[in-house]
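Counted from 1, the sequence shown has number 302 at position 255 by my numbering; the numbering is strictly sequential.
Simulated from the structure, these hints should not be mistaken for laboratory data. Note that the Cβ used here is the ideal one computed from N, Cα and C, for glycine as well. Treat the hints with caution; some may be incorrect.
What the hints assert, rightly or not - In silico DSS-like cross-links for lysine-lysine, where the CA-CA straight-line distance does not exceed 27 angstroms:
| no. | residue 1 | residue 2 |
| --- | --- | --- |
| 1 | K293 | K131 |
| 2 | K89 | K136 |
| 3 | K57 | K89 |
| 4 | K180 | K356 |
| 5 | K177 | K136 |
| 6 | K177 | K131 |
| 7 | K126 | K293 |
What the hints assert, rightly or not - Now the in silico label distances, taken between C-beta atoms and shown as ranges:
| no. | residue 1 | residue 2 | range |
| --- | --- | --- | --- |
| 8 | D185 | T228 | 34 to 40 angstroms |
| 9 | D185 | E219 | 35 to 41 angstroms |
| 10 | E62 | E379 | 14 to 20 angstroms |
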Amino acid sequence: MDLLNTLVDKGLRRETPTRAEALAVLATSDDDLLDVVAAAGKVRRHWFGRRVKLNYLVNLKSGLCPEDCSYCSQRLGSKADILKYTWLKPDEASEAAAAGLAGGAKRVCLVASGRGPTDRDVDRVSDTIKAIKDRNEDVEVCACLGLLSDGQAERLREAGADAYNHNLNTSESTYGDITSTHTYADRVDTVRKAHAAGLSACSGLIAGMGESDDDLVDVVFSLRELDPDSVPVNFLIPFEGTPLAKEWNLTPQRCLRILAMVRFVCPDVEVRIAGGREVHLRTMQPLALHLANSIFLGDYLTSEGQAGKADLEMIADAGFEVEGAGQVTLPEHRAGGGCGSHEGGGCGSHEGGGCGSHEGGGVCGSATAAEAGPGGSAAEEPRTDLVAVRRRGAGTDLAPNA
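From just these sequences and the hints, can you work out the full model?
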């Protein structure tokens, strides 16, 4: 297919596809799906080989968020039956992180619900970062605390944070449809603050709220312009008790096309499969490793993922290898230059969510997957049996899943 040959050539040169080419990837048929995966896989292997980076989430503070993001189980007014607790102590968070690191995680993502941290919260997280790094000197630590005020990114970096996550989630034109308590511009500002402070910026999206292909392409091109080091791709988990509980618009095939489009637009950045992969990719998760070079290990913030042991077996069985602590994730031209803009463009650097990397996420738009054009497979019956609320790990007395 001429389209795929063109996209592979551009990906190997770090050249941005046109919008029409990105849209065409999403519009490909299921008959062409393996060709799409194979083409995007060439780009992924060129920049990242067969390495898979493992990331581990620690939910420092769960629920009780004053923001009204429609996709989130921790939102204001949520009736979702999730764990709710206030800040973990540094030693509790360090203990939780240790489980993920023992399972092979290279990066620990510290997430807290809320609009954004107070200065006292930054102190708390700084103490937690120190506690984790005292036990594991080489671990990468990413913070995801919501909107940042002036000077807070610098303080987190001084405390030892390596990265900061804040997702754009959806296109600018539809952002107001999913959240009213802050703006798209607020999110962009926080990503830029992280960049300016020298933190590795991570920003991504959430798919699955019936968004149009145009919405998906818009947000991914906006991410490329922001140039984070990694881009987490979340798939909406429709929690009962949230406004989007009835939104089941994704198929495994559409998820793979979305990941392929992100890889073509952001060829040399860390593309991470984040929340919702077990729910929507299901048995096709191994194919997604040919597109993304990073996943979360074990559970998410408020939902349970598949067993950490199963994640490791999946990676090995698919012919990939877990990226070691001594290996550099990003290609040399990115790793050496920090997070600044560069000729190849790029896209984000850690695992992500809005007020934290969270598994809910969604993109607001107009068409269901079945209406999204020739590439949109009809959505299947809701798989509510796959949405499991987290009852173990941080905030509980039970061992974490890692």
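Going through the hints against the structure:
no.	hint	result
1	K293 x K131	holds (23 angstroms)
2	K89 x K136	violated (44 angstroms)
3	K57 x K89	holds (11 angstroms)
4	K180 x K356	holds (25 angstroms)
5	K177 x K136	holds (12 angstroms)
6	K177 x K131	holds (25 angstroms)
7	K126 x K293	holds (14 angstroms)
8	D185 x T228: 34 to 40 angstroms	holds (38 angstroms)
9	D185 x E219: 35 to 41 angstroms	holds (38 angstroms)
10	E62 x E379: 14 to 20 angstroms	holds (18 angstroms)
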